[in-house]
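K.L.:
Below are the chains, spelled out letter by letter.
There are 2 protein chains.
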Amino acid sequence: MADSDMFKNFKEHSVAEFFKKNRQMLGFSGKVRSMTMIVHEFVTNSLDACEEAGILPEIFVQVEELSKDSDHYRMTIKDNGPGIPKTHLARALGQMLAGTKFHRYIQQRGQQGIGGSACVMFSYLTTGQPTRAVSCCNGRRISANIGIDFKSNKPIIEDIGEEPTLETGLTVTAEFKDVRYERSNHGVYEYLRRTALANPHCAITLVEPNNERVAFPRSIEQNPQKAFEIKPHPLGIGTHDLLEFAKHNKENRRISAFLQNTFSRVSAGKVDELQALIPELDFKKDPADLTWNEAELIVKSFSKVKWIAPAMDSLVPIGKTQVETSFRNIFNPEVLVVTERSPKVYRGGIPFMVEVGIAYGGGLVSAEKRGEVMRFANRVPLLFDNGGCAITETIKSIDWKRYDVKNFDEEPLAVLVNLASVYVPYTSAGKQAISIEEDIMDEIRFAVMEASRGVQKYLSGKRKAHEIATKKKVVGRYASQLATDLATLSGKKRSDIEPKIAKIIEEKYASEPGEEEETGPAGESSKKEDNPDSEGGDE
Amino acid sequence: MADSDMFKNFKEHSVAEFFKKNRQMLGFSGKVRSMTMIVHEFVTNSLDACEEAGILPEIFVQVEELSKDSDHYRMTIKDNGPGIPKTHLARALGQMLAGTKFHRYIQQRGQQGIGGSACVMFSYLTTGQPTRAVSCCNGRRISANIGIDFKSNKPIIEDIGEEPTLETGLTVTAEFKDVRYERSNHGVYEYLRRTALANPHCAITLVEPNNERVAFPRSIEQNPQKAFEIKPHPLGIGTHDLLEFAKHNKENRRISAFLQNTFSRVSAGKVDELQALIPELDFKKDPADLTWNEAELIVKSFSKVKWIAPAMDSLVPIGKTQVETSFRNIFNPEVLVVTERSPKVYRGGIPFMVEVGIAYGGGLVSAEKRGEVMRFANRVPLLFDNGGCAITETIKSIDWKRYDVKNFDEEPLAVLVNLASVYVPYTSAGKQAISIEEDIMDEIRFAVMEASRGVQKYLSGKRKAHEIATKKKVVGRYASQLATDLATLSGKKRSDIEPKIAKIIEEKYASEPGEEEETGPAGESSKKEDNPDSEGGDE
Chain F
1 MADSDMFKNF
11 KEHSVAEFFK
21 KNRQMLGFSG
31 KVRSMTMIVH
41 EFVTNSLDAC
51 EEAGILPEIF
61 VQVEELSKDS
71 DHYRMTIKDN
81 GPGIPKTHLA
91 RALGQMLAGT
101 KFHRYIQQRG
111 QQGIGGSACV
121 MFSYLTTGQP
131 TRAVSCCNGR
141 RISANIGIDF
151 KSNKPIIEDI
161 GEEPTLETGL
171 TVTAEFKDVR
181 YERSNHGVYE
191 YLRRTALANP
201 HCAITLVEPN
211 NERVAFPRSI
221 EQNPQKAFEI
231 KPHPLGIGTH
241 DLLEFAKHNK
251 ENRRISAFLQ
261 NTFSRVSAGK
271 VDELQALIPE
281 LDFKKDPADL
291 TWNEAELIVK
301 SFSKVKWIAP
311 AMDSLVPIGK
321 TQVETSFRNI
331 FNPEVLVVTE
341 RSPKVYRGGI
351 PFMVEVGIAY
361 GGGLVSAEKR
371 GEVMRFANRV
381 PLLFDNGGCA
391 ITETIKSIDW
401 KRYDVKNFDE
411 EPLAVLVNLA
421 SVYVPYTSAG
431 KQAISIEEDI
441 MDEIRFAVME
451 ASRGVQKYLS
461 GKRKAHEIAT
471 KKKVVGRYAS
481 QLATDLATLS
491 GKKRSDIEPK
501 IAKIIEEKYA
511 SEPGEEEETG
521 PAGESSKKED
531 NPDSEGGDE
Chain P
1001 MADSDMFKNF
1011 KEHSVAEFFK
1021 KNRQMLGFSG
1031 KVRSMTMIVH
1041 EFVTNSLDAC
1051 EEAGILPEIF
1061 VQVEELSKDS
1071 DHYRMTIKDN
1081 GPGIPKTHLA
1091 RALGQMLAGT
1101 KFHRYIQQRG
1111 QQGIGGSACV
1121 MFSYLTTGQP
1131 TRAVSCCNGR
1141 RISANIGIDF
1151 KSNKPIIEDI
1161 GEEPTLETGL
1171 TVTAEFKDVR
1181 YERSNHGVYE
1191 YLRRTALANP
1201 HCAITLVEPN
1211 NERVAFPRSI
1221 EQNPQKAFEI
1231 KPHPLGIGTH
1241 DLLEFAKHNK
1251 ENRRISAFLQ
1261 NTFSRVSAGK
1271 VDELQALIPE
1281 LDFKKDPADL
1291 TWNEAELIVK
1301 SFSKVKWIAP
1311 AMDSLVPIGK
1321 TQVETSFRNI
1331 FNPEVLVVTE
1341 RSPKVYRGGI
1351 PFMVEVGIAY
1361 GGGLVSAEKR
1371 GEVMRFANRV
1381 PLLFDNGGCA
1391 ITETIKSIDW
1401 KRYDVKNFDE
1411 EPLAVLVNLA
1421 SVYVPYTSAG
1431 KQAISIEEDI
1441 MDEIRFAVME
1451 ASRGVQKYLS
1461 GKRKAHEIAT
1471 KKKVVGRYAS
1481 QLATDLATLS
1491 GKKRSDIEPK
1501 IAKIIEEKYA
1511 SEPGEEEETG
1521 PAGESSKKED
1531 NPDSEGGDE
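One line per chain: the protein sequences are F and P, in this order.
Okay, so the first sequence: first residue is 1 according to our numbering, each after it adds one.
Okay, so the second sequence: first residue is 1001 according to our numbering, each after it adds one.
For the record, the hints were derived by calculation from the structure and aren't laboratory data.
Beta carbons are placed, not taken as given, at the ideal position from N, Cα and C, and that holds for glycine.
Be a bit skeptical, because a hint or two may be false.
[To be verified] Not the full set, but computed from the structure, chain F residues with beta-carbon under 8 Å of chain P:
(1) Glu12
(2) Glu52
(3) Leu97
(4) His103
(5) His240
(6) Asp385
[Stated by the list, open to error] Here are the simulated lysine-lysine pairs, DSS-like style, with alpha carbons at most 30 Å apart:
(7) Lys8/F / Lys1154/P
(8) Lys8/F / Lys1250/P
(9) Lys101/F / Lys1021/P
(10) Lys1101/P / Lys300/F
(11) Lys1008/P / Lys247/F
(12) Lys154/F / Lys1101/P
(13) Lys1306/P / Lys151/F
(14) Lys31/F / Lys1247/P
(15) Lys1401/P / Lys1306/P
(16) Lys1008/P / Lys151/F
(17) Lys11/F / Lys1154/P
(18) Lys78/F / Lys1011/P
(19) Lys101/F / Lys406/F
(20) Lys151/F / Lys1503/P
(21) Lys320/F / Lys250/F
(22) Lys1008/P / Lys406/F
(23) Lys231/F / Lys1101/P
(24) Lys1068/P / Lys304/F
(25) Lys1011/P / Lys154/F
(26) Lys101/F / Lys1008/P
(27) Lys21/F / Lys1471/P
(28) Lys151/F / Lys1068/P
(29) Lys1008/P / Lys31/F
[To be verified] Here are a few chain F residues that sit away from chain P, every Cβ distance over 10 Å (derived from the structure):
(30) Glu212
(31) Lys285
(32) Val475
(33) Asp485
Could you build the full structure based on these sequences and the hints that come with them?
P.N.:
As structure tokens, then:
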């Protein structure tokens, strides 16, 4: 074959064509999973929008079966959020990699600008129909049919209507084939149940194909503290990142001002420290003139300076009380320990934090699944791809025997892990597994170990108590004989001796457990320690 | 917050920006893995190019450590392939989603047009350096420095040199940080070892950072049969696919001709059958006028007609003999069974086939890893993300006890699975795991079960033989006493009786194992059966 032949087929492709060919990378593989992905994408967008606009979220999800034998459904997802303005509606739903979230350092559920458009694509691919969107925003009710032109990755918008309204919110209705409704562990019902668990401020209604109406009411009447956008932290910023910021910098004429205004925790004092570390670089220079080598020097010196940790309040965990309440509602466990770690930083100056809840016994004894792991990222349940996820892998790597858990998969245990971060490193665009990154796995490990110790104390206390009770019972058996013997030997009355022996036994076997009685009742939370473990190097 | 504020940050992003932010989706997470991914991307491109041009591949990989404390390396990958013409060089390496492979129905290792550019991106992100490419193609030697403009996803090409040459081939040299060389299970060495295992026609040389030169010589002096491009098969074609083909159709004025010329196995007779199934549709109509509903009718009728399977010879497996030779070289196992299934079709009319090799005992008894799974897709080793992969999941789901394997993870077993297909549904752009798809998992299951039965026969034969030998020994112990007793009872000579008893025992316990002696010696392959299992519905 002539070499030129091989390249006559050289072509360029749009990101929409890429995901059309590789739809499994968006999570569209398997009928049940595909349906859950659709709900997942629209509901996460709705929650983000509501919270950012300061609205208590109310989500309505309806799944209608249009034809049984071709797996044909109509799905509606409606929220009471701020809606999407007319100018952005088509691109928000009909163009991949377009949106408000991609470039921001803020804790949100969505972060790619792909999800909504991916569902519009999947609807069109399986039914040939556009997606109907009704957006009530800024006093106008805009309705339109939206599709994607795959070749150009541009939206197709048709049948636009517009009228005044007093409402706000977005309603999306689309038809799908190759999907299926099931009340299984991977279905829409379970997804929404877990969403409610981690988002107690959200009211969710689900209408199932059989017309059954399921309500997940809110248990908290206010939104969580609002996440806010932060500047990146110097620790973890790469040379390329620094140069990108310098390239886009317009306000600052000097490197010193640029560093202070671009990154968090960089004060004038810190700039002096950095300057002292790199005397050969003129910090009065224009940031635009920074070379790769100079930027590399700055990044290296970042790691030599002591920094204040990134703003903790930019991260919004589910919260200790809420995890406890939710777990108690679901499992009514015998013991429950919730741990919340302080925030840490990883690559790119990205703050993140991990919270963990471990429940043992009680309702879990009769639960279908033993050793259950409930994964969340920014309060979003992760139901799929548990194999390659940092959460699952970390939990697998823990030596559970050290915590008196003989076999994790066979114990009445449920472990909840939530990763809160301004950026979650998902393994694929389907956003169902967290990439195996050391810093993140370390934090998950510390948090799980910390909570495990709480459970262990309870379990070992319980075991001890059981052992003591057994001993007492055994010794007690001889008390009567001993009293008779002592009476004979000493000539004293048996009835005087026996109560004394009983008292000695009572004292002996009552005091011991107290010695290590740190064991709390069910629901007691462990104290927050930053370095919970002697074996772990926690930076 | 005013709603308009939320959308003032609405932006569009290029696919290069997407993967820059989400580099872990390309497999760039972890230092050792990142280095392996670089070798993986360039070596698969090299092998594809050599095979397509009919050249016996010779690959040279060099890893140089430039600085220990900053994980700074230079990597060179050189092949003897056809090279890339000047007109395409920059885009092939400096633009994502550009290439020759994306849209073709042909079994190749690469299929996305992302890998090479992803490495160029990763080099620039970590070192600020462009990638040096030297392409000897069509008598010209083109050298250039190549980078990517992230914002536009367009190549940046600099320092272009050109001179005449008699050679062919591509050499890529780039610097990287955030990578690490290690001779571990996930490192470059293991990756190349497995590549050699599955590509015996390929000669590979690796120069390690300590200057050690490792050769993986070729063991076959000719390329495998050439994969060729095929037309899609009607089974599995979706409505949307059919309409896309109809839209791009130029040569055919009638649906009847369009169907025959666009899809494989559609003859005039088959068109008549389809027409009979859809009398309401005029097959003389212009394909461009097909509506969604009409296309859906055609797709539905596809599934009602009996089709010849897709061209099997479009798929090129590693091959039975080769898998046997490789396994024997590596493991020297006690028993080895290789199974090759006939091709099947899945979504989109995509033919695929599965081959499986199972080795037991021998060198595996002392191997570090027990129950090892070696995954391949189109002869490319998959070293990462085993958790969510269809191969691993299928093997986990098999009831190994049925095959006399007590605990898969503790037995001296190695299972090789290769999926050959014109399209492999990877779970992410990093291409390390195959998506959980039913059709594919079924085939893997049948193939593994078929091979397992071969292993089981051997194991149960061995166990039987052991049991018989034990029985014989036990019975033998009484032979002498029995001879004495019989001599006393019968009055005959003991020396006459004893040999007769011995002969009876010998005959008795020699014949039994023969009754089920289908057990082959190590290396015997199972016969190819299309429906190996009574329990499995093989379509």
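K.L.:
Now tell me if each hint is right for this structure.
P.N.:
Checked hints:
1. Glu12: Holds. Min distance 5 Å.
2. Glu52: Hint on Glu52/F: holds, closest Cβ of chain P at ~6 Å, below 8 Å.
3. Leu97: holds, 4 Å
4. His103: Interface hint status for His103/F: holds (6 Å vs cutoff 8 Å).
5. His240: Nearest chain P Cβ about 5 Å off; hint holds.
6. Asp385: At about 5 Å, which falls below the 8 Å cut-off, the nearest Cβ of chain P leaves the hint on Asp385/F intact, so it holds.
7. Lys8/F / Lys1154/P: With a Cα-Cα distance of about 20 Å, the restraint between Lys8/F and Lys1154/P holds, given a limit of 30 Å.
8. Lys8/F / Lys1250/P: With Cα atoms ~19 Å apart, Lys8/F and Lys1250/P stay inside 30 Å; holds.
9. Lys101/F / Lys1021/P: holds, 12 Å
10. Lys1101/P / Lys300/F: This hinted pair is violated, its Cα atoms lying about 41 Å apart.
11. Lys1008/P / Lys247/F: holds, 21 Å
12. Lys154/F / Lys1101/P: Holds: Lys154/F and Lys1101/P sit about 23 Å apart, inside 30 Å.
13. Lys1306/P / Lys151/F: violated, 34 Å
14. Lys31/F / Lys1247/P: Holds. Lys31/F to Lys1247/P sits at ~28 Å (cutoff 30 Å).
15. Lys1401/P / Lys1306/P: violated, 38 Å
16. Lys1008/P / Lys151/F: holds, 27 Å
17. Lys11/F / Lys1154/P: holds, 13 Å
18. Lys78/F / Lys1011/P: holds, 24 Å
19. Lys101/F / Lys406/F: Violated - the C-alpha atoms of Lys406/F and Lys101/F are around 44 Å apart, more than 30 Å.
20. Lys151/F / Lys1503/P: Given that 30 Å is the threshold and the Cα spacing comes to 83 Å, the pair is violated.
21. Lys320/F / Lys250/F: violated, 42 Å
22. Lys1008/P / Lys406/F: Status violated; Cα separation ~55 Å.
23. Lys231/F / Lys1101/P: Distance of about 41 Å is beyond 30 Å: violated.
24. Lys1068/P / Lys304/F: holds, 19 Å
25. Lys1011/P / Lys154/F: The hint holds at about 13 Å.
26. Lys101/F / Lys1008/P: holds, 11 Å
27. Lys21/F / Lys1471/P: violated, 62 Å
28. Lys151/F / Lys1068/P: violated, 46 Å
29. Lys1008/P / Lys31/F: Not satisfied, since the Cα-Cα distance of roughly 37 Å exceeds 30 Å.
30. Glu212: Correct as stated: the minimum Cβ-Cβ distance to chain P is 28 Å, above 10 Å.
31. Lys285: Non-interface label on Lys285/F holds, nearest chain P Cβ at 18 Å vs cutoff 10 Å.
32. Val475: holds, 44 Å
33. Asp485: Asp485/F clear of chain P: closest Cβ-Cβ about 56 Å, beyond 10 Å.
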